[in-house]
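Novice: As a plain string of letters, each chain reads:
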Amino acid sequence: MSQYFKLLALEVRRFRYVLAGIMVYTLIVECVAVALDINNHSRLFEWNNDSRHSFAEVIRNTQSGFQLAIVIPVAVLLAYALLIWYRDWFGRHPFIYRQMTIPGGRAPLYFSKLTAILLFVFSMVAWQLVLMSVLRIEYVWLTPDAMQEAVDFTEAMTSNEVFNTFLLPPSFKAFALNYGLGILLILILFTGVLMERSYRIMGIVAGLIYAALNVTLLILPTTFGLYLYSSEIWAICLIVFGLEVAAALWISLILVSKKVSA
Amino acid sequence: MIHIQDAHKRYRGRKVLDGVTFKAEKGQITCLVGMNGAGKSTLLKAIMGLVPLSRGTIKVDGVQTKRELYEKVSFIPDHAAMPGGYRLEEGLQFMDDYYASWNPTRADELMAFFQLNARDRVGNLSKGTAAKFGLVLGLAADTEFVLMDEPFSGIDVFSREMIGEVFSSRLVEERGVLVTTHEIGEIEYLLDRAVLLKDGKVARDIDCEQVRDEDGKSVLDVMREVYRT
Chain Y
622 MSQYFKLLAL EVRRFRYVLA GIMVYTLIVE CVAVALDINN HSRLFEWNND
672 SRHSFAEVIR NTQSGFQLAI VIPVAVLLAY ALLIWYRDWF GRHPFIYRQM
722 TIPGGRAPLY FSKLTAILLF VFSMVAWQLV LMSVLRIEYV WLTPDAMQEA
772 VDFTEAMTSN EVFNTFLLPP SFKAFALNYG LGILLILILF TGVLMERSYR
822 IMGIVAGLIY AALNVTLLIL PTTFGLYLYS SEIWAICLIV FGLEVAAALW
872 ISLILVSKKV SA
Chain G
21 MIHIQDAHKR YRGRKVLDGV TFKAEKGQIT CLVGMNGAGK STLLKAIMGL
71 VPLSRGTIKV DGVQTKRELY EKVSFIPDHA AMPGGYRLEE GLQFMDDYYA
121 SWNPTRADEL MAFFQLNARD RVGNLSKGTA AKFGLVLGLA ADTEFVLMDE
171 PFSGIDVFSR EMIGEVFSSR LVEERGVLVT THEIGEIEYL LDRAVLLKDG
221 KVARDIDCEQ VRDEDGKSVL DVMREVYRT
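As given, the protein sequences belong to chains Y and G, one line each in that order.
The numbering of the first sequence is my numbering, which starts it at 622 and goes up by one.
The numbering of the second sequence is my numbering, which starts it at 21 and goes up by one.
The following block holds chain Y by itself, in its conformation from the complex:
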């Protein structure tokens, strides 16, 4: 277990500057988007004494800004889910030799990389929540008193589709679906990488077939379950999801322990 935590700390340490970079990027893009919206509305307010402008409205109006703010971090994290493996194979001093010969087996290596990616994803979600407080302070600071309107913090968040449908869906079911599928995607990516690292070109072909099979199995119940109740379709999807997670872990651990070549 201590090997796992040490390796996890190592992975976090190696990505810390990039993580800090995408956090600063998100902060800047969202702050600028909010400032621009408040500025636009302030001018309208001065011109014709327009209605008040609540924080929820600001957040709703800046959806494209939020989309821009999260697209880059999502792309970076997805790319890093591949790089977290390949980075150690290439370069002048491939680190994979050392990682694969750490006493205590290779399962801690696999789980440390997996947990690191998940940790980065949830760190970004948590950061987004912190940013909401920052944006609210910015709102209070930039909006003229006469134009301000008090609203519930939750209302502000639910007014933005980026939060509602992607980052923090209000229903547990939607939240579990989003993040469950995200975790499965990372697991499939990891398995694909390990297939390629084990069997090279044949591994790429096998990885693509494996990924296609996973997607097909997952959407099959929703496509052909016309005569089933939605709760039944949901239950079947959940079982398929569980099986796919178990299969990805099983295949990956076999590959990383016995088949991967440095």
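Don't read these hints as lab results, they were simulated from the structure.
Wrong hints could be hidden among the right ones.
Just a few of them, taken from the derived set where beta-carbon distance is under 8 Å, the chain G residues facing chain Y [unchecked claim]:
#, residue
1, 68
2, 70
3, 71
4, 91
5, 95
6, 97
7, 101
8, 102
9, 103
10, 118
11, 119
12, 142
13, 150
Only pairs whose alpha carbons sit at most 30 Å apart, straight line, appear in this in silico DSS-like list of lysine-lysine [unchecked claim]:
#, chain 1, residue 1, chain 2, residue 2
14, G, 43, Y, 879
15, G, 79, Y, 880
16, Y, 880, G, 43
17, Y, 879, G, 92
18, Y, 879, G, 46
19, Y, 880, G, 218
20, Y, 627, G, 86
21, Y, 880, G, 92
22, Y, 879, G, 86
23, Y, 879, G, 79
24, G, 79, G, 92
25, Y, 879, G, 221
26, G, 237, G, 221
27, G, 218, Y, 879
28, G, 35, Y, 880
29, Y, 880, G, 221
30, G, 92, Y, 627
Cβ atoms here follow ideal geometry from the backbone N, Cα and C, with glycine treated the same way.
Chain Y is already provided as a structure; the job is to place chain G on it using the hints.
Specialist: For chain G alone, kept in the frame of chain Y given last:
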């Protein structure tokens, strides 16, 4: 003893290893000799579990390779095998964190012997300095066997001398050393055994002293016989 038995490995449709069998004893320096692509590095990697064999077994002291192996056998590849952004001291700390067999006092001695600066970054090291650092990482652990992959490759003459000194020092005494090299001249007089690989097979497995005494031949002479015919 490291015992490789009937090792087979195919790579891109080519038989790199085709039934290789030999032993590397503790307290001896065994050299794996062969042309480029003969499978020397593949064999070392296979011992460390870095490359799976298609067929065959590898036993260290009678036990088939498993996790505990890494406390018993050190591998010195032809690069430092550390992240380029690491300082050398971080590399040493990494080894201390993960290996129970790591001996920090010996690591400090080796760093001083090779005149390495612990504040330098791995990515900025020249090939020779990286090779010396690799030796520090491999030799500072209290392991019973040391595997070295091309320790002299692309290295200047003075660095070669320093690395050559390691072979005759107490650092490798009583350990089993399995080394691959093209530059056999550097360490020929120190070798106990030489295993000559050709076409994926062991062409000759010689006791160097016996060949010197009985046949009056050097390892190089035997290599000429094997590779020029």
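Novice: For each hint, tell me whether it holds in the structure or not.
Specialist: The hints, checked one at a time:
1. 68: This interface hint holds because 6 Å falls under the 8 Å limit.
2. 70: With Cβ-Cβ at 4 Å, under 8 Å, it holds.
3. 71: 5 Å, holds
4. 91: 5 Å, holds
5. 95: At about 6 Å, which falls below the 8 Å cut-off, the nearest Cβ of chain Y leaves the hint on residue 95 of chain G intact, so it holds.
6. 97: Holds, about 5 Å.
7. 101: 4 Å, holds
8. 102: 6 Å, holds
9. 103: Status holds, d = 5 Å.
10. 118: 5 Å, holds
11. 119: 6 Å, holds
12. 142: It holds, given that the least Cβ distance between residue 142 of chain G and chain Y is near 6 Å, below 8 Å.
13. 150: Because about 7 Å separates residue 150 of chain G from the closest Cβ in chain Y, which is inside the 8 Å limit, the hint holds.
14. G:43 - Y:879: Distance of about 23 Å is within 30 Å: holds.
15. G:79 - Y:880: 18 Å, holds
16. Y:880 - G:43: OK: residue 880 of chain Y and residue 43 of chain G at ~24 Å, within 30 Å.
17. Y:879 - G:92: 19 Å, holds
18. Y:879 - G:46: Answer holds: residue 879 of chain Y to residue 46 of chain G is near 27 Å, not above 30 Å.
19. Y:880 - G:218: 26 Å, holds
20. Y:627 - G:86: 21 Å, holds
21. Y:880 - G:92: Between residue 880 of chain Y and residue 92 of chain G the Cα gap is close to 22 Å, so the pair holds against 30 Å.
22. Y:879 - G:86: 11 Å, holds
23. Y:879 - G:79: Judged against 30 Å, a Cα distance of about 16 Å means the pair holds.
24. G:79 - G:92: Roughly 12 Å separates the two Cα atoms, so the pair holds.
25. Y:879 - G:221: 24 Å, holds
26. G:237 - G:221: 22 Å, holds
27. G:218 - Y:879: 27 Å, holds
28. G:35 - Y:880: With a Cα-Cα distance of about 18 Å, the restraint between residue 35 of chain G and residue 880 of chain Y holds, given a limit of 30 Å.
29. Y:880 - G:221: 23 Å, holds
30. G:92 - Y:627: 21 Å, holds
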